[in-house]
Amino acid sequence: MKPRRPIDPYWMLAPTALLLALFFFYPLLFAVEKSFYDWDLLTPPRYVGFDNYRALLESGELLDAFTTTLSLSVVVVIGSMALGLGLALALNRPGAFASAVRAAIFSAYVVSWVSVALLWLWVLDSSAGALTLTLRKLGIPTLDWLGNPRVALYSLAGVTIWKIAGYAMVLFVAGLQDIPRQLYEAAALDGAGAVRRFFNVTWPLLRPTAAFVGTTSLILSFQVFDVVRVMTQGGPVRSTTVFVYAIYEQIFINLRVGRASAEVVVFFVVLLALTALQLWAWRGKPKGARA
Amino acid sequence: MSARTLARRSLVCGSAAAIGGVFLGCNDRRIPPGRTGVSLWFTYGGRNREVLEKLVQAFNTAQNRYYVHGVFQGDYFEGLAKLRTAIAARAAPALSHVVGEVIPYLAEAGVLEPLASYPGAAELDLIPELAQQKSWVGGDAHPLVCLPFNRSTPIAYLNGEIFARAKLEPPTTWDELRQTARALTLKSGDQVQRYGFGCPISWWFWVALVGQAGGEVVERDGTVSLGGEAGVRAIQFWQTLVADGSMKPPPGRDYNAWEATNQDYLAGRAAMIWTSTAFLKYLEDNARFPVVAARLPRDRRFAVPTGGTHWVMVRGAPAEEKAAAWEFLRFMHEPEQAMAWATRTGYMPVTRSAIGRLEREGYYAKHPNDRIAVDQLAVAMPWPWSPTLFRVQQEIVQPRLESAVFSKKDARAVLDQARALANRSLG
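If you read the sequences in order, they're chains Y and X. Each residue of the first sequence is one higher than the one before, counting from 1 in this note's numbering. Each residue of the second sequence is one higher than the one before, counting from 1001 in this note's numbering.
Hints in this document: simulated from the structure, not taken from any laboratory. Certain hints may be false.
Claimed, not checked - For each label pair, taking beta carbons as the anchor points, the in silico distance ranges come out as:
no., chain 1, residue 1, chain 2, residue 2, range
1, Y, Phe-23, X, Ile-1031, 42 to 50 Å
2, X, Ala-1122, Y, Phe-30, 52 to 60 Å
3, X, His-1367, Y, Phe-23, 24 to 32 Å
4, Y, Val-74, X, Pro-1128, 50 to 58 Å
5, X, His-1367, Y, Ile-140, 54 to 62 Å
6, X, Arg-1035, Y, Leu-63, 37 to 45 Å
7, Y, Leu-28, X, Gly-1228, 42 to 50 Å
8, X, Gln-1417, Y, Phe-30, 28 to 36 Å
9, Y, Leu-118, X, Glu-1320, 39 to 47 Å
Claimed, not checked - Some chain Y residues judged to face chain X by a derived CB distance under 10 Å, without partners named:
no., residue
10, Leu-41
11, Ser-107
12, Val-110
13, Arg-136
14, Ile-140
15, Thr-142
16, Asn-148
17, Pro-149
18, Gly-235
19, Pro-236
20, Arg-238
21, Ile-251
Glycine is no exception: its CB is placed at the ideal position from the N, C-alpha and C atoms.
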């Protein structure tokens, strides 16, 4: 069938396409171009070929930033999914109380990152923080949560999980409510216990939701910046210098636009590859499954 | 003009201000009619911001030709990043202030306005150690591009109550500092209740230690030596104090670590700290104990770097805005304003006449803490005029100082690596 007004979809898409082109594709292409230059914004750019990429590789900065970010991401993705799913299973019930608890947990997600970071800065203070004082009162040894290079990254991961678990929970609750009750009844009649019902009914049907939650948590954890900026500024000893913070540091502190652009390009490629890999892994159907 | 046009204009103005966050175009409506407006981008929060805003207000009411509009731009490095971006976008304000370490870089990039030919520039009566002349090695050999604004040195802050109770005097040598810090550290089992000493693991304090150990970060011929053996001694000084638990290296970097150090001092968790004279009034106002300021101790000699920022004018700004900015700078260098700025913040007065008047009026006799930084100017070390110095600081030295102190790496190996990198990639 021939559409009567074939041009309509294009002008309807135009505003979004224009915004994407202006604020996404153009800056990306700009970054790709500038990654081949030595440029500090003030003096004329100087073409240096792949020198920026080489410098990042040779100094180990790229690998460090990637390893740090990946370590944070692994903890954040697993932590936020596990906590979100656990909360969703516990709170997927009718009633005002469950609804109020769900709203309270989700509220952390809508608070700004900077506020969350400031709040946790106070909680995690190694001398007078609420967590330190509570643990001390209970006789549990405490750690220098933000001052110890081995601990700081995981403290930030914990804060990130706390912030986004509510979002994962809401998505999992929606996914759980989409599962027909009859399936649980049939499984129960077949003699399946609660654990079996979870693994044979709930989890397979939650896979698309889990894929979505996992992907968004991954992207979000790769984009973490505010908590690093406010709580640790990439330290101590660069132990929390994640990818986005490394880019910020190059451009705003070291005044190296070219090197920052090279990091942006690598970051984009890495994120694209990871997202594709994760979607492929989650959406891949078991062999022999029917469509 | 129709209401609709007005509404549209308001919307456009509102959006532009929100998106750009810069005071251009639409903000002109704040400028009283008939005056030339000039934006001043500044980088202080808290008390120092209030003092500066009052001085700006005083300038705006003292005359009716110009109008200075102050805009807060975050900390020093955020402000610098925004200034540089604005210069590239040809939207920079005529007036701002930047840290000394980047002045040679900005000057060599040709973005700073030469100031020597402005009326009255030669009669500003500046203290050479705080002005371009002696803040840098051979500073007067370069065209004048900056004027001193908030100038500081690191000083020691002692908790007067704890020192009086322990009958201890301010340490004057590194050995005395180590002994004092140990004596004042309070432990309960493994937990430290109070540290004897606190200091941000930061470039500025390391440069002070290098100088005290008899070294220079950059030699007179431009070689980045990082102090040689003195640089190693400086790191080892911190390492020893941290290892025996008498010094707390604060978490966070840059100014967050500085703030953490201040809070440790105010809360009595550190008996003595090193930080900038800039915090003198803030600490005096907020401490529940007598604040005693003292000069930094010596190892082989007394030495301190100067810090803080200098006024700069942007070369590409419109001529009438530069004229307005210059009038404001002259106003700020008059004794009343130089004295007001110094006595309300803790920074040093930048003109001889201001210091002379404070001396004659008995201010320093009444406020001996304010005198410490001024006295330390006698041992102030000039910075090298090096366009790459801030990169040596930010990219090479600062991260390695942290790794040496927090991860207990060998100080000599860390500095050897830093030196090689600095001379290879930046030299």
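Against the structure, the hints:
1. Y:Phe-23 <-> X:Ile-1031: 42 to 50 Å: Check failed, 32 Å falls outside 42 to 50 Å.
2. X:Ala-1122 <-> Y:Phe-30: 52 to 60 Å: violated (45 Å)
3. X:His-1367 <-> Y:Phe-23: 24 to 32 Å: With a Cβ separation near 53 Å, X:His-1367 and Y:Phe-23 fall outside 24 to 32 Å, so the hint is violated.
4. Y:Val-74 <-> X:Pro-1128: 50 to 58 Å: holds (56 Å)
5. X:His-1367 <-> Y:Ile-140: 54 to 62 Å: Given about 46 Å between the Cβ atoms, the range is violated.
6. X:Arg-1035 <-> Y:Leu-63: 37 to 45 Å: Roughly 56 Å apart at Cβ, these two residues miss the hinted range, so it is violated.
7. Y:Leu-28 <-> X:Gly-1228: 42 to 50 Å: holds (46 Å)
8. X:Gln-1417 <-> Y:Phe-30: 28 to 36 Å: Holds: the Cβ-Cβ distance is about 34 Å, inside 28 to 36 Å.
9. Y:Leu-118 <-> X:Glu-1320: 39 to 47 Å: For X:Glu-1320 against Y:Leu-118, whose Cβ atoms are near 42 Å apart, the range 39 to 47 Å holds.
10. Leu-41: holds (4 Å)
11. Ser-107: With a minimum Cβ separation of about 26 Å from chain X (threshold 10 Å), the hint on Y:Ser-107 is violated.
12. Val-110: violated (21 Å)
13. Arg-136: Check passed: Cβ of Y:Arg-136 comes within 8 Å of chain X, closer than 10 Å.
14. Ile-140: violated (12 Å)
15. Thr-142: holds (8 Å)
16. Asn-148: Holds, because the Cβ-Cβ distance from Y:Asn-148 to chain X comes to roughly 8 Å (cut-off 10 Å).
17. Pro-149: holds (6 Å)
18. Gly-235: holds (4 Å)
19. Pro-236: holds (5 Å)
20. Arg-238: holds (6 Å)
21. Ile-251: holds (7 Å)
Hints 1, 2, 3, 5, 6, 11, 12, 14 from the earlier list are contradicted by this structure; the remaining hints agree with it.
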